[in-house]
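Chains S and U, in that order, are what the protein sequence lines are.
Going by my numbering, the first sequence opens with residue 17, and the numbers climb by one from there.
Going by my numbering, the second sequence opens with residue 17, and the numbers climb by one from there.
Keep in mind that the hints were calculated from the coordinates and are not lab data.
It is possible that some hints are incorrect.
Which bits of chain U does chain S cover? Going by a derived footprint, with three or more residues having C-beta under 8 Å, they are [claimed, not checked]: (1) 91-101; (2) 123-137; (3) 201-213; (4) 247-261.
The beta-carbon is built from N, C-alpha and C at its ideal position, and this holds for glycine as well.
There are 2 protein chains.
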Amino acid sequence: MREQELVRWLSRRNPAIGDDTAELALHGRQVVTVDSQIEGIHFPAGLDEALIARRLARVNLSDIAASGAQPSHALCTLAAPRDFDHRRFLDTLVQEGKTYGFELVGGDSTTASTVATSLSLIGTLDRHTRFVGRGNGEPGDVVWVGGPLGMAGLGLYLQQHLGIELSRGRQVNVPRQLAKHAATVRRAVLTHRLPQPQLELGRWLGRRRRVAAIDVSDGLGKDLGRMCEAGGHGAVVDAASLPLPRSAKQLAEAIGLDSLELATGAGEDYVLLFALPRNVRPPASLGATAIGHLTETTRVLLDTGTELRDVSNAGYDHLE
Amino acid sequence: MREQELVRWLSRRNPAIGDDTAELALHGRQVVTVDSQIEGIHFPAGLDEALIARRLARVNLSDIAASGAQPSHALCTLAAPRDFDHRRFLDTLVQEGKTYGFELVGGDSTTASTVATSLSLIGTLDRHTRFVGRGNGEPGDVVWVGGPLGMAGLGLYLQQHLGIELSRGRQVNVPRQLAKHAATVRRAVLTHRLPQPQLELGRWLGRRRRVAAIDVSDGLGKDLGRMCEAGGHGAVVDAASLPLPRSAKQLAEAIGLDSLELATGAGEDYVLLFALPRNVRPPASLGATAIGHLTETTRVLLDTGTELRDVSNAGYDHLE
């Protein structure tokens with residue numbers, strides 16, 4: 017499909033598209049973020065275009081959530097081979113916008129031998145909401161995490177090493193030896209492919225007087241390390257408190273993985289990691305778990321019960 | 017260099033970088049745009065990182081100019097091999113921001129086998145300025161162009177077919193047979209590699225009561241066709257009025273190119289193409305040339321003096 021036809025087709029579905037530049041109707045204060053999804057790094061060649069689009073939206077929505085904002089507008093770049101299903105990709109992205117509250121207002125499409133796509137997202141802070149940076153923590157604050165850690169890492173391993181794939185109908189092919197873990201296999205793969213941005217939790221965080229937050233994209237150790245570096249403090253995490261469901265631990269054990277390493281070193285869970293003063297607790301309905309506290313030193317330590325292990329470099333680095 | 021070190025290094029030069037999300041201090045009304053530069057499509061492998069960064073900034077600034085806005089904030093994505101000089105690229109981008117008035121507020125960096133980079137630019141319309149769309153033209157309007165057409169196409173040809181390259185010192189290697197065209201060779205290559213966004217002209221356009229504008233990225237024929245499609249009108253361009261300097265015509269002739277085809281079919285000049293009511297003329301200091309007028313029909317025609325030639329498909333299509 018020629019670029020001009022593609023733009024025409026998209027502008028019928030999504031009237032904000034059509035010019036090289038879009039004028040925005042903005043309210044409140046704005047935040048911006050951008051993240052890419054690259055074939056061979058974030059997803060394998062041949063992956064369903066709808067899954068690429070959804071993940072692209074969600075990893076960016078997760079950053080918006082960590083800032084306390086709500087999404088409003090998006091710009092997309094897409095470099096892809098000619099046989100890539102551009103319409104399926106864009107339709108899904110527009111659909112994600114409807115689900116999560118942003119409008120696709122611009123983009124750029126080029127041919128390339130492998131798929132590389134990025135989304136810039138603009139978010140809004142209303143007058144009751146503060147921008148939540150990662151550097152506002154203080155020693156003594158309690159460290160919380162918004163959901164399970166290690167689930168996405170487990171899902172990635174299952175796909176890369178056991179040939180498990182998510183079908184268009186969102187089913188997975190479970191090998192016979194993992195039959196009794198079937199539900200957990202599916203949940204892990206879904207967590208990796210389709211992260212759930214914690215916008216509601218982010219909105220709650222944005223209304224606190226003081227809070228530091230970041231989303232777990234590169235692993236607890238590394239992302240907590242970033243929070244500590246920005247705030248000039250350290251942290252101790254209690255290994256026993258890390259939220260990885262028992263069923264996931266059993267699956268990890270069945271395939272020879274260390275669930276503590278998954279929870280601290282694997283990334284892509286896209287749950288929020290945040291620090292709050294001791295006397296502030298998120299409502300139970302938001303599902304967050306306290307996992308440790310911030311300290312005066314600048315070290316990022318995991319307390320396993322038998323040792324204090326430095327985990328600030330446990331995560332995944334995109335330039336390594 | 018690891019991603020975290022890169023972010024640390026950049027945040028010392030450019031304090032707005034550091035978190036996944038940036039809060040913006042915005043005034044007036046906003047516009048947004050995004051464009052990519054891809055190795056093998058927009059530039060050859062091994063090109064100086066500074067040239068990639070400058071062109072990335074300028075093709076986007078050109079879109080902002082066509083909207084009547086002034087640039088304010090940018091987000092960059094960069095996928096590149098490990099040996100890419102990230103610092104040179106980012107330093108140059110920050111420098112371009114200082115030159116043209118935008119601040120780099122975020123980005124995303126990943127490894128990849130080839131270089132793909134994009135910039136999302138936010139621009140501001142002050143209260144005296146209208147958003148300039150491409151669809152506001154009316155039959156009878158005069159069509160103007162903000163600078164030479166075909167110069168960048170000539171520069172691209174010289175690089176692709178005659179092995180001419182722009183050095184880090186911005187000199188070109190001129191083959192002996194083109195020695196007497198040396199200055200024009202250099203100008204053509206510079207025009208292609210380092211387009212000049214017409215922000216001042218854009219600002220003037222934004223203050224008109226009615227104007228349509230687009231920048232010439234894919235060629236006069238194609239971009240004028242887009243303007244006509246958006247406005248529901250046609251256009252006739254007078255071939256004799258197309259601004260390509262005599263020296264460029266002579267160089268084109270010397271290497272066997274048709275200068276009329278260059279001026280109508282080659283793209284990447286990044287000059288503004290705009291339509292104004294008959295009684296409105298841009299100040300001579302802005303250097304624009306009247307090249308035709310809008311018509312009732314929906315055809316995009318070139319009047320060569322001997323024939324009316326349809327040029328709506330003469331340009332370059334990124335998905336062809």
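Open item on the list: Using C-beta distances, would you say chain S covers the segment 247-261 of chain U, given that this needs three or more residues below 8 Å?
Closed with: Violated: only 0 residues of the segment 247-261 of chain U have a Cβ under 8 Å from chain S.
TODO: Confirm or reject the coverage of the segment 123-137 of chain U by chain S under the rule of 3 or more residues with a beta carbon closer than 8 Å to the chain's beta carbons.
DONE: holds (count 11)
Task: Within 8 Å of chain S's CB atoms, at least three CB atoms from the segment 201-213 of chain U: coverage verdict - done: violated (count 0)
- [ ] Can you take a look at whether the segment 91-101 of chain U is actually covered by chain S? Rule is 3+ residues, C-beta closer than 8 Å.
- [x] holds (count 5)
Consistency with the previously given hints fails for numbers 3 and 4, ordered from lowest to highest.
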